[in-house]
Structure formats: structure tokens, C-alpha cells
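2 protein chains.
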Amino acid sequence: MSLVIIGTIAYDAIETPFGKTDKIVGGAATFAGLAASYLYHQVKLIGVVGEDFGDDNLNILKSKGIDLDGVQVKKGEKSFFWSGKYHNDMNSRDTLVTELNVLADFDPIVPESYQDCEYLLLGNLTPQVQQTTLDRLRHKPKLVVLDTMNFWMDIAWDDLLSVLKRVDVLTINDAEARQLSGEYSLVKAAEKILQLGPKYLIIKKGEHGALLFGDGGIFSAPALPLAEVYDPTGAGDAFAGGFIGYLAKVGTITFHNMKNAVIFGSALASFCVEKFGTERLRELDENVINQRIAQFTELSKFEIGD
Amino acid sequence: MSLVIIGTIAYDAIETPFGKTDKIVGGAATFAGLAASYLYHQVKLIGVVGEDFGDDNLNILKSKGIDLDGVQVKKGEKSFFWSGKYHNDMNSRDTLVTELNVLADFDPIVPESYQDCEYLLLGNLTPQVQQTTLDRLRHKPKLVVLDTMNFWMDIAWDDLLSVLKRVDVLTINDAEARQLSGEYSLVKAAEKILQLGPKYLIIKKGEHGALLFGDGGIFSAPALPLAEVYDPTGAGDAFAGGFIGYLAKVGTITFHNMKNAVIFGSALASFCVEKFGTERLRELDENVINQRIAQFTELSKFEIGD
Chain L
1 MSLVIIGTIA YDAIETPFGK TDKIVGGAAT FAGLAASYLY HQVKLIGVVG
51 EDFGDDNLNI LKSKGIDLDG VQVKKGEKSF FWSGKYHNDM NSRDTLVTEL
101 NVLADFDPIV PESYQDCEYL LLGNLTPQVQ QTTLDRLRHK PKLVVLDTMN
151 FWMDIAWDDL LSVLKRVDVL TINDAEARQL SGEYSLVKAA EKILQLGPKY
201 LIIKKGEHGA LLFGDGGIFS APALPLAEVY DPTGAGDAFA GGFIGYLAKV
251 GTITFHNMKN AVIFGSALAS FCVEKFGTER LRELDENVIN QRIAQFTELS
301 KFEIGD
Chain H
1 MSLVIIGTIA YDAIETPFGK TDKIVGGAAT FAGLAASYLY HQVKLIGVVG
51 EDFGDDNLNI LKSKGIDLDG VQVKKGEKSF FWSGKYHNDM NSRDTLVTEL
101 NVLADFDPIV PESYQDCEYL LLGNLTPQVQ QTTLDRLRHK PKLVVLDTMN
151 FWMDIAWDDL LSVLKRVDVL TINDAEARQL SGEYSLVKAA EKILQLGPKY
201 LIIKKGEHGA LLFGDGGIFS APALPLAEVY DPTGAGDAFA GGFIGYLAKV
251 GTITFHNMKN AVIFGSALAS FCVEKFGTER LRELDENVIN QRIAQFTELS
301 KFEIGD
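Chain order of the listed sequences is L and H. Per the UniProt record's numbering, the first sequence starts with residue 1, numbered consecutively. Per the UniProt record's numbering, the second sequence starts with residue 1, numbered consecutively.
Hints are not guaranteed to be accurate.
Copies of the same chain look alike in the list, so a pair counts if it works inside one copy or between any two.
[Stated by the list, open to error] Once the Cα atoms are required to be at most 27 Å apart in a straight line, the calculated DSSO-like pairs of lysine-lysine come out as:
hint, residue 1, residue 2
1, 74, 275
2, 78, 62
3, 205, 188
4, 142, 20
5, 62, 85
6, 78, 23
7, 205, 259
8, 78, 259
9, 301, 85
10, 301, 205
11, 259, 301
Everything labelled a hint here was simulated from the structure, so no lab data went into it.
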């Protein structure tokens, strides 16, 4: 039994009001894999990098016990590279450079050892590659979570709708929920999106927390108020990794567990933004994570006496 | 012992994507008073209206048991009138008309029967009138809550800072918290604002809920996800009224009770936006309010087993 994550493994160069980095390790699968690795011990990645992606970088993932048999290293090619600059409010950013490189013709390999996949996270990537990954798994996983973004709604609408029919949980942000549904109200947006395939929808609202819709219910998770957000890159991926990692750990899909999974996802995302790139996500432990979960409980708990 | 609320009592004309009203009853004190009246039975208003303000309109308040001895009716003058148009996202609006009328030289009268004031809500109004009201109470109330807005930060900065020194709780929205503190991070904004006088700060975030800061703690309250927001007018006032009404009812100021008060404020605000103007706030009862509180509990409750 395993948790398989497909997504980008990349070099990022990031500029925020707090500083600027050279090429550092990034990518959806990297952030999600690191986040999940603290909650579940059979995390397996699918992705592709170029020859320029140093062993030391892959070792960041290996050192967390993450299986990289599904990660192709393309000789003579370069890794996916993204560079972006965040504005002062940290909610908007400009993409400065996107070099697809190895990602341009990425054909995902699902190793035989990954066929025990029970939990599948289709990280943010072209919907066609997400679909192919699903096709190459002989058994439908117990839970399929898909993360996507506005970019794929703009350029791969039909492919996205097609893969959405096959997933259990969709995670997107509020603007994307509005774009996907054509509804401004998030309640109405959720109603429409839940008719497209997913049984559960998570709307990520950054500093405003997250909403979970499904089973006829709604759950509102807070975000941890932070004095500083150093770098928002990867927060959504860390959320998705923490979310599915928790569900893989507890092993039962109920709305109750989904709610807790949203809190774990939020907690992992809150760590992610505290330092640049994957820096903070690499140095966590169970104790630190449990303390953060306790903060989330404290933050949102109230008791109105009867 | 009583809960005294000062604020505008006005005519509003409102346009939203759902419709358009003629002159209807509005004003901060009206919304706050109605909201508070469901939670506490000694609500007393201070305000001013013109001769054009019909008895039937005042009866809306009287019928809820609200004391209007502190409401002046100016013969031959016209009531404060505000007209606004909301945009599709309901988060931004244009003010079309502001006619101060009786509000221009409003000198608040505190009747002798109001001197038993234990809970005071200084509703959104010029800081100088808020200050004068405090001056005219012989005993410092047990709890003073002040609601204000960006407009007063723009034109009456010194007066606002002066009255802030004398209040216990400040309620503003996130943009206003940033303006008042000069900090983008709400955590940093709260730290600065809590040095200006208030012991507690509530940051209202509309559809994203509210944050309560104070006693070294933070509480994050969800907003009820609504399929439609018909008219956001008065939501902040209804919040403040529900908040202080709950505290007046329970009678003890603790962080625990403050958190519950934020939930009651949020619940009353959620009703307010369901219809135009005060329409929904007029027709509530204890049962309906308790059901809404249960929805808030359901919405944000999670239990992570140990």
C-alpha cells in the first residue's frame, strides 16, 4: 500500500519582499512529497528532472524516505525552471521565466512497485499527464486527489474536465473555483463543481484558510495568522501533500477525517511559507507538527454553553 | 444596567446586483440595536433623525423593546441619507449620495435614564461624537466597544486616536487595520493597534470571517458560506450589535466569552445580508438564532484524536 504523488520537480528562483534566491529546489511533487512524508511512510514520487538536477537535491527527498523509482533523470536535458516575483501583498505574483525543458514531453512512468498505490495525488501539472498516470495504474486507488490551477483552465479546459470525472477530491483556490464554475458565490461554485466528478472540493483561500465541501456539509478551516510570510511558493502543494498524507495515515475516508486532513494540510502549508522554498519543510518533525496542530485547534475552538 | 448604542439612524437607498430600494431605514445604530435586541433586553439608543423620519420607522426599533429616549427628532430638518451601489463582488461599493442633514451638527444627548450604562457601543460615527458620548457618561462603562471606518482615518485621525485610548474593543475591517497600523501583516497590525488603547481588536473580513486579538491570544471565526449575499449594508453594525449584546447578556468579560461573542456577532451579520436593509434583522427569534449558532459550530468544529 502506498501514497503516490505525481507533479513537477523543478528549479525555482524566487523574489519576495524578504529576499531573492538563486536556483533552489521546487516543484509541486517536491513540496507535496516532503509534506506527506511526515505523516505517511510509503510516499512514492512520479516526475522528471534533467541531468542538471544534482544528486544532493534528490537526496533531500530520499532522506525523508521518499521513493524516487518513478522519477526519470533525462541525460543531456535540463530540469523544469520557474522564476517568479511576489508583490508586497504576497497574494499576487509575476512569472518572470518558465522554461519547460524536460517537462515539455513528459511521459510519466509508473513503476511496477507503484501499482500498490492506494492514495494518489495528481499534483499541479498538465491534465493530460494527470490522466495518463491514472490510466497506467491497473487498480483504481482508494482516493484520488487532484490539484490544478487557472493556467490549465485557460489552455486545457476539455482535458481538465475529462480528468475531473475520475477524481475524488479537487483542490483549487477561490479565484479558480469561480473560473471553473462561472459562479461568484463559493457555495454555488461548489455545487456546480461537485457535479463535474469530484465528491469533495477544497477551496484554498491562502491567509483566509480553506473551505471543504462534500457529503452535504461544509467545513471552514482557519489559516494560522503569521507575522511574516517569507515565500508563498509551494504552499498549495504542501497543503495537498499534508491533506492526502493524513488520510493515508488514518486509512478511512469520512467527512470527519477529511476535516482533520484539511487542518493537517493547512498546518504543513503554514510551515512552508515561513522560509524560502523547501527550507522549512525539510526540517520538521512529529513534535513540531503536533504543536502546530494544537495551535490550529486553539485558534478556532469555541464553546457556546447550553 | 443597560447597553447603550450610539450611531447613525438613517435613510438608505441601496442598489445591489439583486435589486434596488427606495429610501429604507438604515444607519449603524439601527442595525446594531436590532441585532443586540435579540440577546439583551435593556438596549438604549442615542442618535438623531429629522422630521421626515416617520413614526412607523421608529416603531421598528420600539417594537423590539429598544429605548429611544436618547434619539432626538429635529423639527423641520431632514434625516441623514446615504445612497450606495454595490459591485458584483459585493466587496466594493460606490457611494452615490451622502446628505449629512441632521448629522452635520449632531450633539449627542445622554438622558439621565442612560446613566446606568454598563455596556457601550460607539457605533460608526465621527470620533468626536463618540468621545463626547463617553464624556457625558458619569461612570465609565464596564465595556466600551468602538466601531469605525477608513473615512474617519482619512479625515479625523487625531480625534480617532484620542478616543481609541478610552475603549476596550475596536472593530474594523482588514483594510482599515492595515491603514491604522501601517502594517500589511494582520498579526503585526494587531500588535500595533493594541498599543493604541484597545485591549481587544476584532478584524472583520466579510466572507472570510473575523479575527479576535487580545489577552495574548488569537481566535479565528468563520463566516457562514452563503449562496447569495443580497445586501451587505449594515453587516458590520449587526456584527458589533450581536457582539456586545452577547457580552451584556453573559455579563463577564473573558477571552472565552469574547470568542463566543464574535460568533454571535458573525451570526447576526449573516442574517443581515440575507435581505435588503433591516428586513431580515427584524424578523428573527431566539430559535432561529440558536439554529444559526449551531451551524457556525458545525462549520468550524474538528476533533483530532490523540
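Now the hints, each set against the structure:
| no. | hint | verdict |
| --- | --- | --- |
| 1 | 74 x 275 | neither (30 Å within a copy, 60 Å between copies) |
| 2 | 78 x 62 | within (21 Å within a copy, 75 Å between copies) |
| 3 | 205 x 188 | both (16 Å within a copy, 20 Å between copies) |
| 4 | 142 x 20 | neither (41 Å within a copy, 50 Å between copies) |
| 5 | 62 x 85 | neither (29 Å within a copy, 57 Å between copies) |
| 6 | 78 x 23 | within (13 Å within a copy, 66 Å between copies) |
| 7 | 205 x 259 | both (16 Å within a copy, 22 Å between copies) |
| 8 | 78 x 259 | neither (40 Å within a copy, 53 Å between copies) |
| 9 | 301 x 85 | neither (36 Å within a copy, 37 Å between copies) |
| 10 | 301 x 205 | both (20 Å within a copy, 18 Å between copies) |
| 11 | 259 x 301 | both (14 Å within a copy, 9 Å between copies) |
The earlier numbered hints that this structure contradicts are 1, 4, 5, 8, 9.
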